[in-house]
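Asker: Each chain, written out:
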Amino acid sequence: MPHTSAPPPAAPHHHNSLTRIGWRRLRRDRIGFAALCIVGAYLLLALAAWSGLVASHWQDEVAHPYAPPTLFAGSAPHHLELNAADIDAADRRATSAAALDGSGATGLSADEDPLAADMAAAQQQAAQYRGAEQTRADSLPLGADQRGRDVLQKLLQGSATSLQVGIAGALLALGIGTVLGALSGYFGGLLDDLLMWGYSVFTSVPDMLLLLAFAAVSGRGIGTVVLVMAFTSWTGTFRLMRAEFIKHKGREYVRAADAIGAGHARRMFHHILPNVSHLLLVQFSMLTVALIKYEAILSFLGFGVGVTQVSWGAMLAEAPAELLQGYWWQMLAVTLCMSLLVTAFSLLSDSLRDALDPKVK
Amino acid sequence: MNPAPPLLSVRKLRVSFRDEHGHGAEAVKGISFDIPAGKTVALVGESGSGKSVTAMAITRLLPEHGCHIDPGSEILFDGRNLLAASRRELRGLRGGDIAMVFQEPMSSLNPVFSVGEQIIETLMLHTRVGRKAAQQRALALLQEVGLPAPERKMRSYPHQLSGGQQQRVMIAMAIACEPKLLIADEPTTALDVTIQQQILQLLAALQQKHGMAVLFISHDLELVGQFADEVIVMHHGSIHEHAPVQQIFEAPQDAYTKALLRCRPHLDRRPARLPVIRDFLGDGCYHEPPQRQRGYQADDRVILEVQGLSVDYHSRHGWFGRHSQRAVDGVSFTLMRGRTLGIVGESGSGKSTLGLALMRLQQASAGRVLFEGEDMLALTPRQLRACKRRIQIVFQNPYASLNPRFTVAQILTEPMLLHGIGCDAAERLQLAGDWLEHVGLPRKALARYPHEFSGGQRQRIAIARCLTMHPEILICDESVSALDVSVQAQVLNLLQSLQDELGLSYLFISHDLAVVKHLSDQVLVMQHGRCVELADADTLYAAPQHPYTRQLLDAIPQGWPH
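From first to last, the protein sequence lines are chains A and B.
Per full-length UniProt numbering, residue 1 is the first one in the first sequence, and the count goes up by one each step.
Per full-length UniProt numbering, residue 1 is the first one in the second sequence, and the count goes up by one each step.
Incorrect hints may appear among the rest.
Listed below are the simulated SDA-like cross-link pairs for lysine to any residue, each with C-alpha atoms no more than 25 Å apart in a straight line [what the hints assert, rightly or not]: (1) B/29 to B/96; (2) B/12 to B/47; (3) A/247 to B/314; (4) B/39 to B/117; (5) A/249 to B/12; (6) A/247 to B/83; (7) A/249 to B/47; (8) A/247 to B/12; (9) B/29 to B/83; (10) A/249 to B/380; (11) B/39 to B/131; (12) A/247 to B/322; (13) A/249 to B/482.
Just so you have them, the derived chain A footprint on chain B, three or more residues with Cβ under 8 Å [stated by the list, open to error]: (14) 144-155; (15) 394-407.
Which chain B residues face chain A? A few, computed with CB under 10 Å, are given here [said to hold, decoys possible]: (16) 14; (17) 18; (18) 111; (19) 112; (20) 113; (21) 361; (22) 384; (23) 388; (24) 448; (25) 451; (26) 466; (27) 468; (28) 469; (29) 472; (30) 475; (31) 555.
Because the hints were derived from the structure by calculation, they are not lab data.
Beta carbons are placed, not taken as given, at the ideal position from N, Cα and C, and that holds for glycine.
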């Protein structure tokens with residue numbers, strides 16, 4: 001039985017807004033709070049990577065190609081690398097073999113070969129670099145990729161990209177869904193019909209197909225990925241917000257706002273929106289998870305971020321070829337890193353939903 | 001005194017709840033009482049008194065989590081301690097020997113099964129009869145509870161029945177297995193007054209016929225007076241008085257019981273100020289203030305004149321079709337400055353729609369609303385905004401009408417901001433605090449959120465929000481209906497003193513005829529969207545003209561017949 005007639009308990013100095021109560025509930029939920037900490041840590045890392053504090057040199061080739069992780073340096077499959085000396089030796093063998101043959105069957109003398117001058121120049125240039133070749137590491141904490149780039153650095157940079165894409169896409173989708181849903185639910189009538197038709201058209205096309213179609217048309221790059229994903233994933237938020245606004249517009253507090261003379265925009269965004277904001281927060285965390293996964297799929301299929309950028313999907317795209325040769329470390333690192341974030345984000349959504357639901361008191 | 005052992009005896013029942021911060025609160029503080037076989041015992045109290053918790057403890061329906069029943073408590077039913085019974089035993093008892101009827105019939109019935117199916121299920125679970133026999137018995141039961149056309153109703157789904165019919169089905173289900181004890185938790189609170197009387201009579205007849213004991217839980221002392229053998233008055237988890245019904249009404253011993261009896265408005269009294277609980281808890285000597293005279297006077301000035309107002313509701317029908325239903329049908333009345341016009345009617349009579357249409361919160365389809373000669377319905381939106389300030393509304397549910405995300409300060413300053421009252425934020429805050437004190441709340445409540453207040457306090461905040469705009473007309477749409485009787489008296493007193501002080505004109509909409517009579521100068525009775533009677537309050541109550549008005553007046557619970 002609700003203690004309605006009892007006087008409110010003597011409250012401390014600050015009073016309890018619903019948000020503060022929600023935050024306190026979330027703090028008490030151990031799993032939810034742990035998930036929040038993990039997500040927070042990822043965000044900090046992503047911020048650091050984005051601002052160039054860490055992993056800004058992820059493109060440097062600092063190790064031998066496919067250098068194994070330090071822990072598994074002994075047991076990992078070994079990669080045979082050809083260096084300049086090997087090539088020279090092979091060249092010499094070929095020339096001497098030709099000389100032994102005695103026929104000189106190449107058929108062209110130096111004067112006749114139109115490429116001879118270019119070849120000579122190229123060889124000279126190559127000789128320049130040969131001297132400058134830096135020493136490369138034999139192993140790295142998380143190993144190296146095909147070009148000898150540090151997987152750890154790629155992972156940090158990739159996390160930043162994936163999170164950036166996921167969060168920006170989710171915010172944009174949320175914005176579109178909320179505004180359209182609010183208009184549709186609040187005003188109803190013809191506007192609602194029109195928006196619902198548009199919505200139905202969007203949802204009648206399979207998500208992935210729509211995503212790929214957009215991506216194929218608009219080229220590669222982070223901006224494109226964000227736009228493409230936002231345009232395809234606003235529908236869930238739209239439906240949710242439409243239903244909430246239909247529900248709330250008839251509530252007495254909104255009627256009361258109408259009675260005191262508040263206009264439509266004020267009622268929609270000043271009165272109703274804060275009352276559905278907890279749903280938006282949950283929706284945001286779910287969308288972010290979904291979009292991080294979409295981005296991975298898009299990049300894996302080659303429609304994602306550009307070639308000069310790295311994301312989890314782009315890293316995973318390199319995995320099939322590597323796995324065939326037994327180089328497992330890049331895929332394992334990405335998978336673990338992504339699973340941890342996705343799981344934490346999902347748990348956080350659940351806890352947020354419980355903590356922020358005004359009905360559960 | 002009573003040689004036969006009682007059917008149910010509750011001994012030293014203590015129930016406490018633990019909230020999410022881990023603070024315990026005792027809801028029931030060691031109460032003991034008996035229910036003799038075949039008698040009706042009423043448990044009366046306001047919300048938070050622990051009456052429903054007691055009922056739920058008897059049926060063991062309290063949540064396992066966060067709720068603690070003191071191990072010293074005992075609830076003996078036919079000699080068996082229910083608190084120590086196994087789940088299996090309990091399942092046999094609930095719905096078998098002990099049956100319950102709840103407040104909300106709509107939410108107590110399963111919406112996806114036909115009502116016949118639900119009664120048959122109960123029967124087959126508890127009496128081991130075949131489906132055929134159960135079907136026959138279900139039909140007989142529906143006949144017994146007075147459902148019209150029971151064969152057809154067997155196949156109906158809950159939403160196809162009216163509230164009263166749903167409650168009849170609930171009662172049929174409850175008496176299906178010939179229970180020894182029927183627990184009725186506010187069974188008529190959600191129903192209209194006329195339906196309420198029918199259900200009460202049905203319960204009384206069934207109780208006589210089957211010789212059941214009934215535990216009747218209600219907040220309304222007058223209601224149980226005509227029905228109960230014994231009355232238990234509870235307050236804050238303990239029993240204040242337990243006596244035969246006659247003694248409760250004629251010679252109440254406890255101050256709280258006396259207060260409960262007096263703070264409800266009465267049809268034959270109209271004190272200038274209603275007594276509140278505090279008047280009785282002090283030295284115990286209460287003198288009723290002089291009676292107030294009501295009615296429009298010849299020199300009153302008209303502030304609002306409504307002519308032939310109609311409202312239609314449109315609903316969609318198929319793709320392009322539209323369905324319209326007339327909710328208010330050509331209602332006309334006049335409101336005088338500084339006076340109160342009461343509007344009574346049952347649910348669906350269009351009384352709330354009328355109030356909303358006057359404020360243009362609902363589109364009217366015909367008629368004129370002349371506010372000091374100016375037609376409100378013809379105003380452009382821009383003109384309307386300026387006019388809105390002068391006519392304000394206090395809604396029924398104080399839990400729903402305040403935005404839960406706003407502080408009281410935000411709630412009170414927003415209207416001033418919108419209407420340009422007060423020159424800056426500081427002044428508006430000052431004014432908000434003044435109004436808050438005016439309605440009897442401390443200024444420091446400004447920083448709080450609505451959920452930190454009780455229902456009555458919230459209604460005060462809602463009233464203060466209207467007052468910040470200096471309205472001339474206040475529409476009270478069932479504004480005190482959701483409140484406990486003692487709180488209701490306080491809010492009614494507040495409304496009255498505000499009218500005396502500020503010269504407000506009220507449109508007081510309510511289903512409660514006693515409350516309407518207390519506050520109104522003139523009363524308008526509505527039925528099916530039409531005005532069936534409009535007269536001075538005293539005239540109407542003394543000599544009702546229309547049969548519907550008479551029917552409404554007869555249905556008012558009269559308490560113990562004097």
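Asker: Now look at each hint and say whether the structure bears it out.
Answerer: Here is how each hint holds up against the structure:
A distance of roughly 29 Å separates the Cα atoms of residue 29 of chain B and residue 96 of chain B; the hinted pair therefore is violated under the 25 Å criterion. Proximity of residue 12 of chain B to residue 47 of chain B is assessed by CA-CA distance (about 21 Å); at most 25 Å being required, the pair is judged to hold. About 18 Å separates the Cα atoms of residue 247 of chain A and residue 314 of chain B, which keeps this hinted pair within 25 Å; it holds. For the proposed pair residue 39 of chain B and residue 117 of chain B, the alpha carbon gap of about 31 Å is over 25 Å, so the pair is violated.
Under the criterion of a C-alpha separation no larger than 25 Å, the hint pairing residue 249 of chain A with residue 12 of chain B is inconsistent with the structure, at around 48 Å. The straight-line distance between the Cα atoms of residue 247 of chain A and residue 83 of chain B is roughly 42 Å, outside the 25 Å bound, and the hint therefore fails. Note on residue 249 of chain A and residue 47 of chain B: the hinted pairing is violated, with a Cα-Cα distance of about 29 Å set against a maximum of 25 Å. For the given pair, residue 247 of chain A sits about 45 Å from residue 12 of chain B by alpha-carbon distance, which is inconsistent with the 25 Å threshold.
Annotation: proposed proximity of residue 29 of chain B to residue 83 of chain B holds, straight-line Cα distance about 16 Å (limit 25 Å). Restraint check: the Cα-Cα separation between residue 249 of chain A and residue 380 of chain B comes to about 22 Å, which is no more than 25 Å; the hinted pair holds. The straight-line distance between the Cα atoms of residue 39 of chain B and residue 131 of chain B is roughly 33 Å, outside the 25 Å bound, and the hint therefore fails. This hinted pair checks out: residue 247 of chain A and residue 322 of chain B have alpha carbons roughly 22 Å apart, not beyond 25 Å.
Restraint check for residue 249 of chain A and residue 482 of chain B: satisfied, since their Cα atoms lie roughly 22 Å apart, inside the 25 Å limit. Chain A is given as covering the segment 144-155 of chain B, and this is violated because 0 residues of the stretch bring a CB closer than 8 Å to a CB of that chain, at least three being needed. Counting residues of the segment 394-407 of chain B whose beta carbon lies closer than 8 Å to any beta carbon of chain A gives 10, which reaches the threshold of three, so the coverage claim holds. Interface restraint check for residue 14 of chain B: the shortest CB-CB distance to chain A comes to about 15 Å, outside 10 Å, so the restraint is violated.
Here the hint on residue 18 of chain B is broken, as its CB sits about 13 Å from the closest CB of chain A, past 10 Å. Given hint, residue 111 of chain B at the interface with chain A, is violated; its Cβ is 19 Å from that chain's nearest Cβ, farther than 10 Å. Evaluation of the residue 112 of chain B hint against chain A yields a violated restraint, the C-beta minimum of about 21 Å exceeding 10 Å. Using the Cβ-Cβ criterion of 10 Å, the hint placing residue 113 of chain B at the interface with chain A is not satisfied: the shortest such distance is roughly 26 Å.
For residue 361 of chain B, the interface hint holds, since its Cβ comes within 10 Å of a Cβ in chain A; the closest pair sits about 6 Å apart. Checking residue 384 of chain B against chain A: minimum C-beta separation of about 9 Å stays under 10 Å; hint holds. The criterion of a C-beta within 10 Å of any C-beta in chain A is met by residue 388 of chain B, whose closest approach is roughly 4 Å, and the hint holds. Interface restraint check: residue 448 of chain B against chain A, minimum CB-CB distance 5 Å, threshold 10 Å, status holds.
Below 10 Å, beta-carbon pairs count as interface contacts, and residue 451 of chain B has one with chain A at about 7 Å; its hint therefore holds. Among the interface hints, the one on residue 466 of chain B holds; its C-beta lies about 8 Å from the nearest C-beta in chain A, closer than the 10 Å criterion. Contact between residue 468 of chain B and chain A, as hinted, is supported at the beta carbon level, the nearest pair being about 9 Å apart and thus within 10 Å. This hint holds: residue 469 of chain B has a C-beta 7 Å from the nearest C-beta of chain A, less than the 10 Å allowed.
Using the Cβ-Cβ criterion of 10 Å, the hint placing residue 472 of chain B at the interface with chain A is not satisfied: the shortest such distance is roughly 14 Å. Checking residue 475 of chain B against chain A by beta carbon gives a least distance of about 9 Å; that is within 10 Å, so the hint holds. A distance limit of 10 Å between C-beta atoms decides the matter here; for residue 555 of chain B the minimum to chain A is near 27 Å, and the interface restraint is violated.
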